[in-house]
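Starting from the known structure of chain A, fit chain B onto it as the hints suggest.
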Amino acid sequence: MFKGKGKVFALVATFACGIAPQAFAQSQGCVELKSVVETEQEVVNAAGQKTLQRAPANKVVPGSVVIITVTANNICKKPSDNVVINNPVPDHMTYVASTATGQNSDITFSIDGAKFAAPDQLTVSDAGAARKARPDEYRVIRWTFRGALAPGASAVASFRATLN
Amino acid sequence: MKSLRNCALAIAALVGGFGSNRAHALGVPAGTAINNTAQVTYSVGTVNATATSNTVSVTVAEILDVVVTLQTPSVPVSAGDTNQDLVYRVTNTGNGPETFRLVMNSVLAGDQFDPTPSATSIYFDTDNSGDLSPGDTPYVVGSNDPALSADGFVTVLVVNDIPGTVVDGNRGFSRLTADARTGTGTPGTAFAGQGVGGTDAVVGTTGADSEATGEYLVAGVTINAVKSQVVVDQFGGNRPVPGARINYTIVVTATGTGTANTTVFSDNIPANTTYVPGSLQLNTTTLSDVADADAGDFATTPAARVRVALGNLNTAAGSKTITFAVTIN
Chain A
487 MFKGKGKVFA LVATFACGIA PQAFAQSQGC VELKSVVETE QEVVNAAGQK
537 TLQRAPANKV VPGSVVIITV TANNICKKPS DNVVINNPVP DHMTYVASTA
587 TGQNSDITFS IDGAKFAAPD QLTVSDAGAA RKARPDEYRV IRWTFRGALA
637 PGASAVASFR ATLN
Chain B
217 MKSLRNCALA IAALVGGFGS NRAHALGVPA GTAINNTAQV TYSVGTVNAT
267 ATSNTVSVTV AEILDVVVTL QTPSVPVSAG DTNQDLVYRV TNTGNGPETF
317 RLVMNSVLAG DQFDPTPSAT SIYFDTDNSG DLSPGDTPYV VGSNDPALSA
367 DGFVTVLVVN DIPGTVVDGN RGFSRLTADA RTGTGTPGTA FAGQGVGGTD
417 AVVGTTGADS EATGEYLVAG VTINAVKSQV VVDQFGGNRP VPGARINYTI
467 VVTATGTGTA NTTVFSDNIP ANTTYVPGSL QLNTTTLSDV ADADAGDFAT
517 TPAARVRVAL GNLNTAAGSK TITFAVTIN
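Quick note, the sequences are listed as chains A and B, same order. Residue numbers for the first sequence follow my numbering, so the first one is 487 and each next one is one higher. Residue numbers for the second sequence follow my numbering, so the first one is 217 and each next one is one higher.
Next up, chain A with everything else stripped away, as it sits in the complex:
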């Protein structure tokens, strides 16, 4: 049915949304995805200047903020189109409003994982009526990148969340 490299991608497309696709996708795809969680702290250097320094998050205190950064890297020789990164707001965490960033992307949010919309268009049903969703209610964030991801290039998505 398919010839050459096309065969590999067809397999991925069929199974990707069924059973755990990690084993297929990561070793055979064109885009590798890497996720990092960090905390940010104010550090005062020897000269008394304050800078913000990031470090990997390991043990996190309730009430503190973590920064999640996802990087999509094109490891093939062909461009990848329609790159869309989805990242849930982690369990027990609350999205910090207006902290989602991603160059060259349109960012939308979701409460239920099915309906995604921009902040001023995302609604929830509350006591039978629809109202605008609050940022602390967002559970999934989506970055839809414009244009193609060139071979060897990276697309970066990031946001902050508070540990409840």
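Worth flagging that the hints you see were computed from the coordinates, not collected in a lab. For each residue, glycine too, the CB sits at the ideal point set by N, CA and C. Incorrect hints may appear among the rest.
To be verified - A few chain B positions that, by computed beta-carbon distances, are all more than 12 Å from chain A:
1) Thr-262
2) Asn-311
3) Asp-330
4) Asp-361
5) Gly-385
6) Arg-391
7) Glu-427
8) Val-446
9) Pro-518
Unchecked claim - Coverage of chain B stretches by chain A, computed from C-beta distances (three or more under 8 Å per stretch; other residues unrestricted):
10) 244–255
11) 412–418
12) 470–477
13) 505–511
Unchecked claim - Sample of chain B residues at the chain A side, in silico, Cβ under 10 Å:
14) Gly-261
15) Val-272
16) Thr-421
17) Gly-423
Frame of chain A, contents of chain B only:
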């Protein structure tokens, strides 16, 4: 596009649900592991593909926080009373189990006397009676320091004796302090690896210690009764002759900071006189002579006397005026 729509549902299943635990008052339980995985969809030429990221994991650190609250308002006492208790609640307001050390102190500024700690000065209210009773366990520091789960609390009694030299209106303070055994200090101070399950323990906004101060109030009450009489004879004069009437007035007043409960006034009819039936009054309201639902009665056994129930008397209740009359035999 069809493959992407199916993927949306898979995202929900794959990366672990949407339930938020924000209902927990204190924050996420210490030691909880939180995992997060990202997913990307893309296309190469006409073929759609997807990939997932590595799973990142963070562990929730333990927050050390405690609050001590006073459960008893001002406790009324008398000079020389012993084993008088103040009731406190010690609550673990952090997010993990913690053991606390308790200390009491009765030498405080701002009061008129220092309560004297009893031989055993801290007890747990083991039988939940709300005060010191035989079923309560003594606290021995370092031996039975209370271990409380997140949100858990224990009721603690602080016990003092009252010096004999105090006077009505004197206040004496006594304080209970609780601190977290893992550590206390400036909020944010971390004790690496000493939290539940090996996570870090971090001092919370309370500094992991707390105190509350209760007071004993020396509440004395004195009841004064002032009696006066007016003689009215049957001829319009005021000579105490047989047949003349004596009108008695007694004013009862409470002074001091305490309350005399269930006060009853009683006065014998003087020898050689006869009670005038129906003359008994309390604050100008006539009381029936028979013992019934009203406050007063006249009885002849074991001796002739009037009696009036005055209720709980204190300064706020004001004075009570009793009147009755007799005739000279």
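Do the hints match the structure? See the list:
no.: 1; hint: Thr-262; in the structure: violated, 9 Å
no.: 2; hint: Asn-311; in the structure: violated, 6 Å
no.: 3; hint: Asp-330; in the structure: holds, 40 Å
no.: 4; hint: Asp-361; in the structure: holds, 24 Å
no.: 5; hint: Gly-385; in the structure: holds, 46 Å
no.: 6; hint: Arg-391; in the structure: holds, 29 Å
no.: 7; hint: Glu-427; in the structure: holds, 24 Å
no.: 8; hint: Val-446; in the structure: holds, 76 Å
no.: 9; hint: Pro-518; in the structure: holds, 75 Å
no.: 10; hint: 244–255; in the structure: holds (count 8)
no.: 11; hint: 412–418; in the structure: holds (count 3)
no.: 12; hint: 470–477; in the structure: violated (count 0)
no.: 13; hint: 505–511; in the structure: violated (count 0)
no.: 14; hint: Gly-261; in the structure: holds, 7 Å
no.: 15; hint: Val-272; in the structure: holds, 5 Å
no.: 16; hint: Thr-421; in the structure: holds, 9 Å
no.: 17; hint: Gly-423; in the structure: violated, 15 Å
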